Amino acid sequence: MRFFRDESFRLATPRVNSRGVVGRSLILLGAVLALAGCETVPATPIVAHTGDPITDGNAERNVAKPQDRVLWDYRIAASALRAGNYDEAREKLDDAILRIGGIIANSDDAKKARGLFGSESGKTFIGEPYERVMAYYYRGLLYWRDGQPDNARACYRSGQLIDSDADDATHKADYVLLDYLDGLATAKLSGDGSASFDRAQGAAQGRKLPPYEADANVLVFAEFGHGPMKYGAGEYAEQLRFRVIDSRAHSAVLTIDGNATPLPPYDDVSFQAITRGGRVMDHILGNKAVFKSTSDTVGNAALAGSAIAANNLRRGDGSYSRGAENTALALGAIGLISKVASAATTPRADTRQWNNLPQRLSFAALKLPAGEHTGSLEFLDADGTPIAAQTRQVTINVEDPSRDTVVFLSELKR
Amino acid sequence: MKTSLRLGLLAGFGAATGFFAGCASQGVQNPSGVPVTEMKADERGFVAGTGVESQDLVAVTDKMARSILAIPEIAQATTAPRIALDPVVNDTRFPINKDIFNDRLRIELNKHALGKVRFLARDRMKTLEHERALKQTGQVTASADPNVTEFRGADYFLTGKLSGMTTKAAAGISDYVLYSFQLIDARTSEIVWEDSSEIKKQGLEDAAYR
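So the protein lines, in turn, are chains A and B.
Its first residue numbered 1, the first sequence is counted upward by one per residue in the numbering used here.
Its first residue numbered 1, the second sequence is counted upward by one per residue in the numbering used here.
For the record, the hints were derived by calculation from the structure and aren't laboratory data.
Given the structure is predicted, the values throughout are model-derived calculations rather than measurements.
Among the clues, some could well be false.
Straight-line alpha carbon distances no greater than 20 Å define the calculated EDC-like cross-link-like pairs of lysine to aspartate or glutamate that follow [to be verified]:
{"hint": "1", "chain 1": "A", "residue 1": "K112", "chain 2": "B", "residue 2": "E205"}
{"hint": "2", "chain 1": "B", "residue 1": "K161", "chain 2": "B", "residue 2": "D206"}
{"hint": "3", "chain 1": "B", "residue 1": "K98", "chain 2": "A", "residue 2": "D167"}
{"hint": "4", "chain 1": "B", "residue 1": "K98", "chain 2": "A", "residue 2": "E235"}
{"hint": "5", "chain 1": "B", "residue 1": "K126", "chain 2": "A", "residue 2": "D94"}
{"hint": "6", "chain 1": "B", "residue 1": "K161", "chain 2": "A", "residue 2": "D192"}
{"hint": "7", "chain 1": "B", "residue 1": "K168", "chain 2": "A", "residue 2": "D400"}
{"hint": "8", "chain 1": "B", "residue 1": "K98", "chain 2": "A", "residue 2": "D404"}
{"hint": "9", "chain 1": "A", "residue 1": "K367", "chain 2": "A", "residue 2": "E399"}
{"hint": "10", "chain 1": "B", "residue 1": "K116", "chain 2": "B", "residue 2": "D206"}
{"hint": "11", "chain 1": "B", "residue 1": "K63", "chain 2": "B", "residue 2": "E150"}
{"hint": "12", "chain 1": "A", "residue 1": "K339", "chain 2": "A", "residue 2": "D296"}
{"hint": "13", "chain 1": "B", "residue 1": "K98", "chain 2": "A", "residue 2": "D198"}
{"hint": "14", "chain 1": "A", "residue 1": "K339", "chain 2": "A", "residue 2": "E235"}
{"hint": "15", "chain 1": "A", "residue 1": "K111", "chain 2": "B", "residue 2": "D56"}
{"hint": "16", "chain 1": "B", "residue 1": "K168", "chain 2": "A", "residue 2": "D404"}
{"hint": "17", "chain 1": "B", "residue 1": "K126", "chain 2": "A", "residue 2": "D146"}
{"hint": "18", "chain 1": "A", "residue 1": "K413", "chain 2": "A", "residue 2": "E372"}
{"hint": "19", "chain 1": "B", "residue 1": "K126", "chain 2": "A", "residue 2": "E91"}
{"hint": "20", "chain 1": "A", "residue 1": "K111", "chain 2": "B", "residue 2": "D103"}
{"hint": "21", "chain 1": "B", "residue 1": "K116", "chain 2": "B", "residue 2": "E131"}
{"hint": "22", "chain 1": "B", "residue 1": "K161", "chain 2": "B", "residue 2": "E205"}
{"hint": "23", "chain 1": "B", "residue 1": "K98", "chain 2": "A", "residue 2": "D296"}
{"hint": "24", "chain 1": "A", "residue 1": "K172", "chain 2": "B", "residue 2": "E205"}
{"hint": "25", "chain 1": "A", "residue 1": "K112", "chain 2": "B", "residue 2": "D91"}
{"hint": "26", "chain 1": "A", "residue 1": "K172", "chain 2": "A", "residue 2": "D198"}
{"hint": "27", "chain 1": "B", "residue 1": "K168", "chain 2": "A", "residue 2": "D165"}
{"hint": "28", "chain 1": "B", "residue 1": "K98", "chain 2": "A", "residue 2": "D87"}
{"hint": "29", "chain 1": "A", "residue 1": "K230", "chain 2": "A", "residue 2": "D146"}
{"hint": "30", "chain 1": "B", "residue 1": "K200", "chain 2": "B", "residue 2": "D91"}
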């Protein structure tokens, strides 16, 4: 380039002002930095939203990075379940489980996410354990609905295994419903579900679980409240944290054909999110944050030193100091490199999240004859007072009383 | 400082800063995609987990088919025994397509048995009964008296179970799956044949996911 050639020529000219040389050298470095950061990144197309979460979710998924595909699978599946679009939910959950069910090793994007200059959010998203557990929980519900309680049980077992990563032993594999439903499926398959029931009872924190009734043919899965929201804490948002807003609805009551069935909160997804403990990735992000901070400090010190040296290029007797020039140049370069390294380090925690999860999960098993059954669903606050605005009518249609009818009830609308 | 040294220093700084600054930009993984790779069903792919995979299905059903054909009840039967398939029971932590085990087992047996066994299409009974009703009401033609029950009863039931055991520790995850199959005499309830296959897998996820 002409600019470089001319600049080299000037540097080679012995009569040039040396203070100007230092200044121009640093300007040149700055220009290199600016240009080097100009690599274009393909922009994600903007999707025009229709207001329908399934349509919009699919549109977003179609233009999303491959690394974000599971994220959209999760969100669409939850919306589809609430809309009664079970085929859509099944398809998306199967796609997600295909990804999250395997072992991710030797992945280039995961390796980059661990590197100093790679962002954690660049890795393929599979979600934190509480998110993966919910994918299995929902898929299990659909397997049961399709007459495959053994595959449903497999999902509950996988979910509980995912939750076994918690730091604190008391929070390992502590979902009540996953064990309870594992045992119920086993009992319905003519097996002995008592061990699973006992584990569930142990995790229920004093709440007495209803015993299994093999002839209960209507399985009600209920959920209420909004789940946890991720955010990054710390100087560089490198610490993954969860914002939990306790939902107003603490429990529910389902009244069908005049008979009321309580739907207590057996599991709290927010509690599960905050009790996982530290991740290996948190340690990596912590190291990145330390590097970012240290290199920034080194950069500041070196640039300050460079400026001081540049101001002392002329000695008191008016002669030129080559040593001061070299020092200014070297410190300036070190400072700039350190600042760039600091700026390029990305310790920010990955806060992509399944943003339409519920907070509380409940379950009940009923025995109903064939036919249509009507009633209501009331959500109750912490004091057990019905939240009138949330009460809704419910219709349960039992087509074949010899097989299980699965009913999914959510306080969330999308 | 000599001019050549200055130039070298500048060039080096330029390259280093360019390198560092470039690292801050987001990259695009596999911008050209990964071409579709055709693989054998009994081959381990590059997308793998510790669960039930196609290579396991092929290995297990191959072994079971060979084993069944060797038993006297099949090998020495004077008339081909009728076998009905009962879906396998999944007692592992992996949700699976259960029909695929019986399907491949049936296909392998039919391929190698050379008429020594016959399978009953019990999963098609609704369609078959509908067709028979059409024949009985004269809506379609019949090559035999449709009022005579010709649906065959099963001599044997072939079924199976997948059982699993999982270990998870800091060193990784390990999954053991036992695939057991049985041939049950429909008249006596005797188990006339049983065989199993077992597969254990283990792995550790990238630290970015731990």
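Status of the hints after comparison with the structure:
1. K112/A x E205/B: holds, 15 Å
2. K161/B x D206/B: violated, 32 Å
3. K98/B x D167/A: With Cα atoms ~35 Å apart, K98/B and D167/A exceed 20 Å; violated.
4. K98/B x E235/A: The hint is violated at about 51 Å.
5. K126/B x D94/A: Given that 20 Å is the threshold and the Cα spacing comes to 28 Å, the pair is violated.
6. K161/B x D192/A: holds, 16 Å
7. K168/B x D400/A: violated, 40 Å
8. K98/B x D404/A: Distance of about 19 Å is within 20 Å: holds.
9. K367/A x E399/A: Measuring from Cα to Cα gives roughly 13 Å; hence the hint holds.
10. K116/B x D206/B: Not OK: K116/B and D206/B at ~50 Å, beyond 20 Å, violated.
11. K63/B x E150/B: Violated, at roughly 33 Å.
12. K339/A x D296/A: holds, 5 Å
13. K98/B x D198/A: violated, 29 Å
14. K339/A x E235/A: holds, 17 Å
15. K111/A x D56/B: Violated, because 29 Å separates the two Cα atoms, which is more than 20 Å.
16. K168/B x D404/A: Between K168/B and D404/A the Cα gap is close to 33 Å, so the pair fails against 20 Å, i.e. violated.
17. K126/B x D146/A: holds, 18 Å
18. K413/A x E372/A: Cα-Cα ~23 Å, so violated.
19. K126/B x E91/A: Given that 20 Å is the threshold and the Cα spacing comes to 27 Å, the pair is violated.
20. K111/A x D103/B: This hinted pair is violated, its Cα atoms lying about 40 Å apart.
21. K116/B x E131/B: violated, 27 Å
22. K161/B x E205/B: violated, 28 Å
23. K98/B x D296/A: violated, 57 Å
24. K172/A x E205/B: holds, 19 Å
25. K112/A x D91/B: violated, 38 Å
26. K172/A x D198/A: Status holds; Cα separation ~16 Å.
27. K168/B x D165/A: Holds. K168/B to D165/A sits at ~9 Å (cutoff 20 Å).
28. K98/B x D87/A: holds, 19 Å
29. K230/A x D146/A: Violated. K230/A to D146/A sits at ~33 Å, over the 20 Å cutoff.
30. K200/B x D91/B: holds, 15 Å
Checked against the numbered hints given earlier, this structure breaks hints 2, 3, 4, 5, 7, 10, 11, 13, 15, 16, 18, 19, 20, 21, 22, 23, 25, 29; the rest are met.
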